[in-house]
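Protein chains: 2
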Amino acid sequence: MARILITSGPTREYLDPVRYLTNASSGRMGQALAEVAVKAGHEVVIVSGPVEIDYPEQAQVVSVVSTEEMLEACREVFPRCDGLIGVAAPCDYRPRKTARHKLSKTGRGLELHLVETPDIVATLGASRSQGQWMVAFALETEDPRIRAVQKLERKRCDLIVLNGPAAIHAATTAVEVLDRRGTVLAALSGGKREVAEGIFRIIEERLLGR
Amino acid sequence: MARILITSGPTREYLDPVRYLTNASSGRMGQALAEVAVKAGHEVVIVSGPVEIDYPEQAQVVSVVSTEEMLEACREVFPRCDGLIGVAAPCDYRPRKTARHKLSKTGRGLELHLVETPDIVATLGASRSQGQWMVAFALETEDPRIRAVQKLERKRCDLIVLNGPAAIHAATTAVEVLDRRGTVLAALSGGKREVAEGIFRIIEERLLGR
Chain A
4 MARILITSGP TREYLDPVRY LTNASSGRMG QALAEVAVKA GHEVVIVSGP
54 VEIDYPEQAQ VVSVVSTEEM LEACREVFPR CDGLIGVAAP CDYRPRKTAR
104 HKLSKTGRGL ELHLVETPDI VATLGASRSQ GQWMVAFALE TEDPRIRAVQ
154 KLERKRCDLI VLNGPAAIHA ATTAVEVLDR RGTVLAALSG GKREVAEGIF
204 RIIEERLLGR
Chain B
4 MARILITSGP TREYLDPVRY LTNASSGRMG QALAEVAVKA GHEVVIVSGP
54 VEIDYPEQAQ VVSVVSTEEM LEACREVFPR CDGLIGVAAP CDYRPRKTAR
104 HKLSKTGRGL ELHLVETPDI VATLGASRSQ GQWMVAFALE TEDPRIRAVQ
154 KLERKRCDLI VLNGPAAIHA ATTAVEVLDR RGTVLAALSG GKREVAEGIF
204 RIIEERLLGR
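Top to bottom, those sequences are chains A and B.
Residues 4 to 213 in our numbering are what the first sequence lists, from first letter to last.
Residues 4 to 213 in our numbering are what the second sequence lists, from first letter to last.
Pulled out of the complex, with its shape left as it was, chain A reads as follows:
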């Protein structure tokens, strides 16, 4: 049986002690994939941003807030895993600095300098060992397939799961699973648990078996 790292949920990047940048990722797809992997007898470690859902009891959960923290936790865990399913939606911009006190309104607005956060999957991909496999998720609103395959290449993944903004925080989803050549291996839609089963079947066939 395999040891699988699943990243899940959003991350937050704070401007001050109260306000932050994020997205509406609920962690439900990560939850569904963890349930399916646990049920299939695999050992699952989940590195998750702040979510309101419960992960399966059999999984080990590492809770993080920011993208940097998520990367740090993954770098710790991934070397001892067989593969990664990167379904988290890490916030990819952060304020250059975080104010120590809550910013007060001045009537004038605010210029916010955002810097890019590290790409977690790409960072793990750059140092993956020969035997490790990686599955990334991509959410694109423009030229989705082309961008997804570019991401797969850049992040050195084996498969990429492409979804749209409608999937965020929804009970249902519609995804395409693409390989390195851009071939659509499957188009899956329905409840997140059902779609997770379809994705995991492809992972078992193509990656766990090899």
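Check each hint, because a few of them may be wrong.
Repeated chains share a single entry, so a pair holds when one copy, or any two copies, can fit it.
[What the hints assert, rightly or not] SDA-like cross-link-like pairs, simulated, lysine to any residue; straight-line CA separation at most 25 Å: (1) Lys108 / Tyr17; (2) Lys42 / Val65; (3) Lys105 / Thr120; (4) Lys154 / Thr126; (5) Lys105 / Gly212; (6) Lys108 / Glu207.
Everything labelled a hint here was simulated from the structure, so no lab data went into it.
Take the given structure of chain A and dock chain B to it, following the hints.
Leaving out everything else, chain B in the frame of chain A:
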């Protein structure tokens, strides 16, 4: 019996179809206040941003996403109410524009121009009628009491409830209730339901009875 408007939860201000500015307000304090008010036999209308909790069935709930939408809903509802409890934590900055497509990382970062969103309680306060009462919440990390009383004045409220960042998304809280003269009427701490009962007792004594 009174008709009470409760604003609750956070709001979101989107940069693009996926990313937004927000805060971790869970809506739990709004939920607790609504429960207490409903139990006391009052009619409750809740205007709420995106939350994961359930409001009491007897309350009417208007769901909104952005601060502008929250204000619009409140302007519609408040003229037919006796009072307002403004416990929402509306996002008070929004990007000057929202990108139609998800912003792609360029390696360079991003300059984000934020403008202030309208102050919901202050806007309602400016046009409140003689008989209406208003209770605001303030979350301050610096000079909390002074700033809270300044807010109370500016927003033309009758009472202000002061809390700290530790209250956000927590089960428990610690608050002070201040009147227009800056007098601390009560310091309450404990579970949010218990604190909500204490706050509502003061509202009943000072505002509902008058």
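Next item on the list: Return the numbers of the hints above that this structure violates; sort them in rising order.
Entry: The structure breaks hints 5 and 6; every other hint is satisfied.
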